[in-house]
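Trainee: Given next are the chains, with one letter for each unit.
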Amino acid sequence: MKRRHLGLLAAALIAAPAFAQAQTVPVGAIEILSGPAAAYGIAIKAGMELALDEINQKGVLGGQKIALTVEDSAGNKDQAINAARKLIGRDKVVAIIGPTLSNEMFAVGPVTNERKIPTLGTSTTATGITDIGPYIFRTSLPESDVIPVTLAKAMTRGVKTIALMYANDDAFSKSGFDVMKAAAEKAGLNIVTIDSFGSKDTDFSAQLTKIKGLKPDAVGISALVEPVSGVLLQARQLGFGKETLFIGGNGSNSPKLGAIAGAAADGLIVGSPWFIGKTTDGNPAFVEAFRAKYKVDPDQFAAQAYDAMKIMAIAIDKAGAADPEKIATSLGKVQFSGVMGPFAFTDHRDPATAAGVVVLTMQDGKFTILQ
Amino acid sequence: MTLPAWLDDLLWTYQTLIHSLGINGLLALAMYVVLACGQLSLGQAAFMGLGAYSGALLTMKAGLPFYLVLPASCVAPVAFALIIGVPTLRLSGVYLAIATIGLGEVLRSAYLNIDALGGALGLNGIPERAETWMIFALLALSLTALVLVGRSRFGRAMEAMREDPTAAAAMGIDVARYHLAALVTSAVLAGIAGCLAAHQSSFIGPNEYGFEPAVTILSFALLGGIGNPFAPIAGAWFLTLLPELMRDLPELRLALNGIIIVLAVLFLPHGLLGWRMRRTPEKLAGGAR
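If you're matching them up, the sequences are chains F and V in order.
Position 335 (the first sequence) corresponds to 335 in my numbering; numbering is contiguous.
Position 285 (the second sequence) corresponds to 656 in my numbering; numbering is contiguous.
One thing to keep in mind: the hints can contain errors.
As the list claims (entries may be wrong) - Capping the alpha-carbon separation at 20 Å, the derived lysine to any residue pairs in SDA-like fashion look like this:
| no. | chain 1 | residue 1 | chain 2 | residue 2 |
| --- | --- | --- | --- | --- |
| 1 | V | Lys432 | V | Gln386 |
| 2 | F | Lys181 | V | Gln386 |
| 3 | F | Lys116 | V | Gln386 |
| 4 | F | Lys116 | V | Leu478 |
| 5 | F | Lys92 | V | Leu374 |
Calculated directly from the structure, the hints in this document are not laboratory data.
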C-alpha cells in the first residue's frame with residue numbers, strides 16, 4: 001500500500017505542472033464487475049465510460065475532466081458498502097453512480113445519504129429506493145411506470161383475464177410481481193390465479209396445468225430471464241397457443257430470452273425503457289459508437305448508464321462547483337434528452353415521465369417494437 | 372472524544388469492514404464451539420438469520436432499545452437449537468451436516484413466504500444501532516469465555532469427544548449433554564452476530580442465511596483451525612480482509628481469492644493457527660479427575 005501511495009505521489013509531482021490548470025472532478029461508481037451477475041455491471045461500466053469519453057472532450061465546470069473510479073461490489077451488499085465508504089472516505093468523490101442491484105442500494109443508500117453524497121441508481125427498479133433519503137436519485141424507470149404501459153397495450157388486444165406467475169425467492173422478481181398485481185387490479189383486469197415458483201426451478205407443469213384449466217386471456221410472469229424461458233418452453237409443450245398472451249416483467253427484457261426459449265417465446269410482450277432500434281435523437285449514434293468501441297451491441301443497462309453519466313455531468317456543470325450539496329440540488333433540476341428519450345426528475349427524485357417506454361414483442365427469437 | 376479528521380475519515384471508510392471482522396469473528400466462534408466437540412453441524416447461518424430477523428423486528432416493530440434487543444435476539448435461535456438439537460444429535464458426521472443444512476433451507480423458505488418478513492425483499496431501513504465497541508466487547512467476552520472453558524475439564528472432555536466419542540462416553544462423559552450445550556452456545560453466538568449484522572447494514576434478506584453463508588462460516592473455522600478459539604477468528608479475519616485488500620486488482624480478485632485459499636488449505640492442513648490449547652496442570656484445575 002505504502003509503496004503504491006509513494007508511486008502515486010511521485011506521479012502526481014511529475015504531472016503537477018500539466019494539471020496545474022485542469023483539475024479533475026472525482027466521481028465514483030459501484031457496480032457488479034465479478035461473480036454471476038457481472039454481465040449487468042460490465043454493461044453499465046461500458047455505457048458510463050462511453051459517455052465519459054464524450055463528456056471529457058469538453059469537460060465540465062469550464063474544462064475540468066471527470067475522473068471516474070469504478071469499484072466492484074461482486075453483488076454482495078457488504079462489499080458494496082465497503083466500496084461506497086472507500087469512494088467517499090478515501091477517493092473523496094463528489095457523487096456516486098450505482099450500485100447495480102436494488103438490494104445493494106438498500107444497503108449503500110443509507111451510508112451515502114448520511115454523508116450527503118448524491119447517489120444515482122441507473123438500474124435499481126424496486127419500489128422504495130428513493131425513500132431512503134433526499135440524496136438518493138435514480139434514472140431507471142421503476143417497474144411501476146413500465147408495467148401499466150405494457151398492460152394497457154395488452155388490453156387493446158382484448159385481454160380481460162390474467163393469471164400471474166412469479167419467482168418468490170428473488171427480490172427483483174417479487175417486487176416486479178407486487179407492481180404487476182397492483183397494476184392489473186388498477187387496470188380492471190380480472191386476476192384468475194396467482195402462482196409462485198423458485199428461481200432455480202425447472203418444472204412448472206403444476207402451475208401451468210392449473211392456469212391452462214382457468215383459460216385466462218393472458219399470463220403475466222415476473223422472474224429473471226432463465227426461469228421465464230423455462231416457463232415458456234413448458235407452456236408450449238402443455239399446449240398453450242396463440243390465444244394466450246404472455247406478458248413479461250423487466251426480467252424478460254433480455255436478448256437471452258430468444259436465445260434460450262427460441263420459438264417458444266414468440267408473441268411474448270414486454271415493456272422496456274429502451275430499445276436498440278429506437279430512433280430517439282442520439283440513439284442511432286450511441287448504438288454505432290458503442291459497437292465501434294466495444295464490438296458488441298449495447299443493452300438496456302448500457303443505455304441507461306450512458307444517459308445517467310451525461311445527466312450527472314450536466315448536474316456537476318450546473319452546480320458551478322465540485323460540491324456534493326450543490327450537485328444534489330442541481331441534479332434534481334436537470335432537464336435532459338438522451339437515448340432513452342426526454343428525462344427529468346420528479347420532486348421525489350424518480351424519473352418524471354414514462355413517455356420513453358416502448359412495448360416490445362418477441363418475433364423469431366428477436367425483440368421488435370409492437371405497433 | 373474528538374479524533375483528528377484524517378483518523379475519523381479513515382475509521383468511517385473502513386467502519387463496515389471493521390464491524391464485519393467482529394461479527395464474522397463471532398460466527399467463527401459459533402462454528403468452533405460445535406466443531407470442537409466433533410460435530411459437523413452447519414446450522415450457524417440459520418441461527419444467525421433467526422437472530423437477525425427477530426432482532427430487526429423487535430427494533431422496528433416493538434421499538435425496544437438495543438440493550439434489550441440484543442439479548443432477546445438469542446431467544447429464537449436457542450429455542451430452535453433445542454427443538455432441532457434433540458432429534459439431530461442422534462446423527463453424526465456428514466448426516467448431521469445434511470440435516471442442519473436442510474433445516475436452514477426450511478427457515479429460508481419460511482422467510483420467503485411470510486409477508487410480514489418482507490418475502491424475498493427482506494427488511495430494510497433497520498436503524499444502525501451496533502457500535503464498534505459493542506461488537507468487539509462481545510467478541511472479546513466470548514473469546515475469553517471459550518478460552519477459560521477450553522482450559523477447564525470441559526475443554527478436555529470436548530477434545531476427547533472430538534477424537535473419539537465412544538471412548539469419551541466410556542470414560543463417563545455425557546456426550547449428548549455436551550453436544551446439546553455446544554449447540555445452544557453456538558446458537559447464542561450466531562444469534563447475537565446476526566442481530567449485530569442486521570443493525571449495522573440496515574438491510575437483511577432471506578438469501579443471506581441460506582446454504583452459501585453456512586459454507587462461508589464453516590470455511591472460517593476450517594481455514595483458521597479448530598485447535599484453539601483464536602484460530603477460527605484468524606480464519607474469519609483472513610477471509611473477510613482478503614477481498615478488500617485486493618480491491619486494487621479488480622481483474623484478478625476472484626481468482627486470487629480462490630488461489631490463496633487453496634494454497635492455505637494445502638500447506639496449512641491444521642489451519643492458520645494450528646496449535647492446540649495448553650491446559651492448566653491437573654492439580655491446579657480443581658475439579659478435573
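Trainee: Among all the numbered hints in the text so far, which are the ones the structure does not match?
Mentor: As far as the earlier hints go, 1, 2 and 4 are violated by this structure, in ascending order.
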